[in-house]
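Trainee: Protein sequence lines correspond, in order, to chains A and V. For the first sequence, position 89 matches number 89 in the working numbering, and the numbering has no gaps at all. For the second sequence, position 232 matches number 232 in the working numbering, and the numbering has no gaps at all.
Do not rely on the hints blindly, as some may be mistaken.
[Stated by the list, open to error] Capping the alpha-carbon separation at 30 Å, the derived lysine-lysine pairs in DSSO-like fashion look like this: (1) A:2 / V:375; (2) V:292 / V:279; (3) V:379 / A:39; (4) V:127 / V:274; (5) V:127 / V:375; (6) A:39 / V:375; (7) V:379 / A:2; (8) V:292 / V:379; (9) V:379 / V:127; (10) V:279 / V:375.
In case anyone wonders, no lab produced these hints; they're calculated from the structure.
Single-letter residue listing:
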Amino acid sequence: MKEFLLDVPVSEGFFSYLGNFGQVEALPNLGDGFYKFEKPDWFSIKGFAGDTTVEVRFRKEVMDLTVDFLYLLFSSYREEAMDLSVLKQREQAVGKRVREHLYGS
Amino acid sequence: MVERPPIIYLNNAATTWPKPPEVLEAVRQSLALPVFGSGRTTGSQGEDSITLAREALSALLVADPPEHVVFTQNATDSLNLLLQGFLAKEAGCHVLTTELDHNSVLRPLHELERQGRIRLTVLPFEKGSVRPDSVEAAITPDTRLMVTAHGSNVLGSVQEIAGIGESLHDHGIFFIVDGAQTAGHIPVDLRELPADAYVFTGHKGLFGIPGTGGFYLRDPESVAPVRYGGTGTDSFSLFHPREMPERFESGTHNYPGLAALAAGANYIASVGVKAVSEKAERQTAFLIGALKSEPNITVYNESPSLPIVSFNIHGMENDDVGFILARVYGIVARTGLHCAPLVHRAIDGGQGCVRLSLSWFTTDEECRTAAGAVKEIAKNANSSFGSP
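Whenever a hint applies, use it, and build me the whole structure from the sequences.
Mentor: Structure follows, in structure tokens:
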């Protein structure tokens, strides 16, 4: 588990954006809203809207393959409408390597 | 950045916090003066904190004589020393333990089993304790040792040590009781408790600091020493002394830690263990009653003897509940398996749970806040866990 300190607070919109790459669950009435993003075999991210820290849990065996994509998710996010095609291509490439590493195919 | 609420510390079964002011002062004083240890210095301006700690523990646990109280790093260290030392004399024997036990017991025993040095039976529990007749039924001609927890760190139950010990002693079986969760929390009288060895740790109910612990050993000859070194006594001999407590203690002691342990034990003695236990029982019953009133919460221990409440919220991972408690309410709990995997396999299918654990310093107001927080999370989990 790693705690990431961000330079700006995360928003509900950030977790909605993450939903393009995995499953997001929410308890919006707790604090400023609790959110959890799950990308099976890669990592999970949990945190509260308005907070500058999030907790990330990696799947250890493939962490060296997935950590760069996590940074990319953080750094690419914009509040306005986004073109996700480059991120999706990158996700596909990393996903292939993750599957090969974990399952040999 | 979101402002964090003040801490409500409910992880006392792991390490108690806060410590009594007397404990902090004892550490300060210990470090403010040079170490004074008999045989290790010509100085005489300080207190012999090791002897004072031994006497304090001896008095609190009614463990005579004080020299049979041995200091170690913690309960795990004590258990390893006792197991290795006992089995040095009884190699290849059959050993009993229970599903209630902590990894400090389970891991050394499973390692010994894997090495072919013992045959191991792990007994199931019912209602927070292993039944004495189950112990009796598991005894075989080569059974020489039983090791088990006095109190469960997940269920808060206290085992029927008297009944279990009676069965064991009828068969001449050595009995190690792990008191990590009971020392300081409930009255312990080692004149009465049928344990051959009783293990304690300093940083939990005894209000010491991490890095201290020990055990009481009724018959020193029953366990071989497995560590040797300097004791500050009989130094011309190239063999380690066999007298107590040097038999099991070598190297320089943790002086500030043991000064803290003595202060902690004396603090509890001044309050009275019975008072500690009664307050804990009242607050724990309140918490359990409050949590049980919420249908979305499963409480795993309905009438514990120790201040521990273990639960899960339906549809939520225990780790998420702990995260929310900490971030939104400032409540420090512990989630997961609590180093007791077999208890969890029995009660929650091995998924783990959330544990709230209290101490003498936990206030009624903190209990009310914690109950309200858990119920609020449970109510929200019920209605809205899903996609944003």
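Trainee: All hints are to be evaluated individually against the structure, with a verdict given for each.
Mentor: The hints, checked one at a time:
1. A:2 / V:375: holds, 28 Å
2. V:292 / V:279: Holds. Residue 292 of chain V to residue 279 of chain V sits at ~20 Å (cutoff 30 Å).
3. V:379 / A:39: holds, 26 Å
4. V:127 / V:274: Cα-Cα ~23 Å, so holds.
5. V:127 / V:375: holds, 25 Å
6. A:39 / V:375: holds, 29 Å
7. V:379 / A:2: holds, 29 Å
8. V:292 / V:379: holds, 13 Å
9. V:379 / V:127: Holds - the C-alpha atoms of residue 127 of chain V and residue 379 of chain V are around 29 Å apart, at most 30 Å.
10. V:279 / V:375: holds, 23 Å
In summary, the structure agrees with every hint in the numbered list given earlier.
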